[in-house]
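Each protein sequence line maps, in turn, to chains R and Y. Using my numbering, the letters of the first sequence map in sequence onto residues 1 to 195. Using my numbering, the letters of the second sequence map in sequence onto residues 1 to 195.
Hints are computed from structural coordinates only; laboratory data are not their basis. Please note: incorrect hints may appear among the correct ones.
Identical copies look the same in the list; a pair holds intra-copy or inter-copy alike.
[Stated by the list, open to error] Okay, derived cross-link-like pairs now, BS3-like style, lysine-lysine, Cα gap no bigger than 30 Å in a straight line:
#	residue 1	residue 2
1	Lys-162	Lys-88
2	Lys-88	Lys-145
3	Lys-149	Lys-193
4	Lys-149	Lys-194
5	Lys-145	Lys-162
6	Lys-25	Lys-149
7	Lys-194	Lys-25
8	Lys-194	Lys-145
9	Lys-8	Lys-194
10	Lys-25	Lys-162
11	Lys-88	Lys-149
12	Lys-193	Lys-88
13	Lys-88	Lys-194
14	Lys-162	Lys-149
15	Lys-8	Lys-162
16	Lys-145	Lys-8
Keep in mind it's a predicted model, so treat the numbers as computed, not measured.
Spelled out from the first residue to the last, the chains are:
2 protein chains.
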Amino acid sequence: MKTDFGPKTTGLPTPIVVIGSYDDKDRPNAMTAAWAGICASFPPCIMVCINENHQTAANIRHSNEFTVHVPGSDQVAATDYYGIASGKTEDKIASAGHTISPATHVHAPIINEFPIVMECRVYSRLQIGPGMVLIGEIINLAVDKTCLKPTENGQETIDFAKIAPFAFNQADRTYNAIAAPIAGAWNAGLGLKKS
Amino acid sequence: MKTDFGPKTTGLPTPIVVIGSYDDKDRPNAMTAAWAGICASFPPCIMVCINENHQTAANIRHSNEFTVHVPGSDQVAATDYYGIASGKTEDKIASAGHTISPATHVHAPIINEFPIVMECRVYSRLQIGPGMVLIGEIINLAVDKTCLKPTENGQETIDFAKIAPFAFNQADRTYNAIAAPIAGAWNAGLGLKKS
Chain R
1 MKTDFGPKTT GLPTPIVVIG SYDDKDRPNA MTAAWAGICA SFPPCIMVCI NENHQTAANI
61 RHSNEFTVHV PGSDQVAATD YYGIASGKTE DKIASAGHTI SPATHVHAPI INEFPIVMEC
121 RVYSRLQIGP GMVLIGEIIN LAVDKTCLKP TENGQETIDF AKIAPFAFNQ ADRTYNAIAA
181 PIAGAWNAGL GLKKS
Chain Y
1 MKTDFGPKTT GLPTPIVVIG SYDDKDRPNA MTAAWAGICA SFPPCIMVCI NENHQTAANI
61 RHSNEFTVHV PGSDQVAATD YYGIASGKTE DKIASAGHTI SPATHVHAPI INEFPIVMEC
121 RVYSRLQIGP GMVLIGEIIN LAVDKTCLKP TENGQETIDF AKIAPFAFNQ ADRTYNAIAA
181 PIAGAWNAGL GLKKS
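Put together the whole structure using the sequences plus the hints.
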């Protein structure tokens, strides 16, 4: 038996990302978002939802480009801070003790201390109430060299165990660890397959 | 120093959901999706991306309504199966050993064995290559009574520790546990705030 809660967003632990952008004077800003997710493969795109009253919304309307960082658990305090302070009233990046590099592929700041960054260009946008749903084409994915591991075919891939990313749990108002694998994808269900 | 990977979707662990829908003869189907995320608060909406060649894409074009289930770790094999078998060639819900109830608020099936379900109506859609980005308004969130816990103000909320939801790790092709809280949201960064 299930209990109805009505129209609520509480039901899905969501990823935590930090969005980087420049304002019209090329001053960098950062904000935390939990309404985000990969949304296409060809071309690779990511969806982020930004309330229209944020400085970041104005910045991206101006520049049309932005960065999406995936923080590790060692940056949880700074990540939370980027969600509760406003770039309209304080220099958030300085207060967080972070440093910036210009992105190589888009006009947006990279926060060096975060292990993963996606450099994005606005592909499409949709207004839903006060929220701007941005779809950004991922022009480049860049990952700290210290957070990589070799693959079987001699390439390198992301070592999420070293990064320890986390998700937002709206029910408890907490950040929850994304931890060890529990099963293989395209594998765990093979025994149920008929054909 | 960071390593560039080019335009890739590998960088963000994403939620795992199972989408339920009816075809034009009201036969239920289910498919697993990892390109998904809450995308608006007013009204509450969720984004899911479905490749156009899936039976689910045709079903939702017909019905305009669907369900989004959040599986727990005890359903990882069935969840994976829903991602590797096709509703065009087998009765996936029967093969998974699952049972169906009609959703109360929309015309779509609820898979009883999953602990959380969002009943959704198509709010908007966008085509990106072969992927249909669906934005669904969440009409109702329903949660198994056994997966709830009391809040301080005498209400009930979701107990994710009982559900043990998981995320997709594309780098390793695994499902990874969403585990215990590491910090409080709107709290962990208060010490960095100036105003």
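Going through the hints against the structure:
no.: 1; hint: Lys-162 to Lys-88; in the structure: neither (34 Å within a copy, 40 Å between copies)
no.: 2; hint: Lys-88 to Lys-145; in the structure: neither (33 Å within a copy, 43 Å between copies)
no.: 3; hint: Lys-149 to Lys-193; in the structure: neither (32 Å within a copy, 36 Å between copies)
no.: 4; hint: Lys-149 to Lys-194; in the structure: neither (35 Å within a copy, 39 Å between copies)
no.: 5; hint: Lys-145 to Lys-162; in the structure: within (11 Å within a copy, 36 Å between copies)
no.: 6; hint: Lys-25 to Lys-149; in the structure: neither (39 Å within a copy, 49 Å between copies)
no.: 7; hint: Lys-194 to Lys-25; in the structure: between (60 Å within a copy, 23 Å between copies)
no.: 8; hint: Lys-194 to Lys-145; in the structure: neither (42 Å within a copy, 33 Å between copies)
no.: 9; hint: Lys-8 to Lys-194; in the structure: neither (37 Å within a copy, 32 Å between copies)
no.: 10; hint: Lys-25 to Lys-162; in the structure: neither (36 Å within a copy, 49 Å between copies)
no.: 11; hint: Lys-88 to Lys-149; in the structure: neither (39 Å within a copy, 38 Å between copies)
no.: 12; hint: Lys-193 to Lys-88; in the structure: between (54 Å within a copy, 13 Å between copies)
no.: 13; hint: Lys-88 to Lys-194; in the structure: between (58 Å within a copy, 12 Å between copies)
no.: 14; hint: Lys-162 to Lys-149; in the structure: within (10 Å within a copy, 32 Å between copies)
no.: 15; hint: Lys-8 to Lys-162; in the structure: between (33 Å within a copy, 20 Å between copies)
no.: 16; hint: Lys-145 to Lys-8; in the structure: between (39 Å within a copy, 16 Å between copies)
Checked against the numbered hints above, the structure breaks hints 1, 2, 3, 4, 6, 8, 9, 10, 11 and satisfies the rest.
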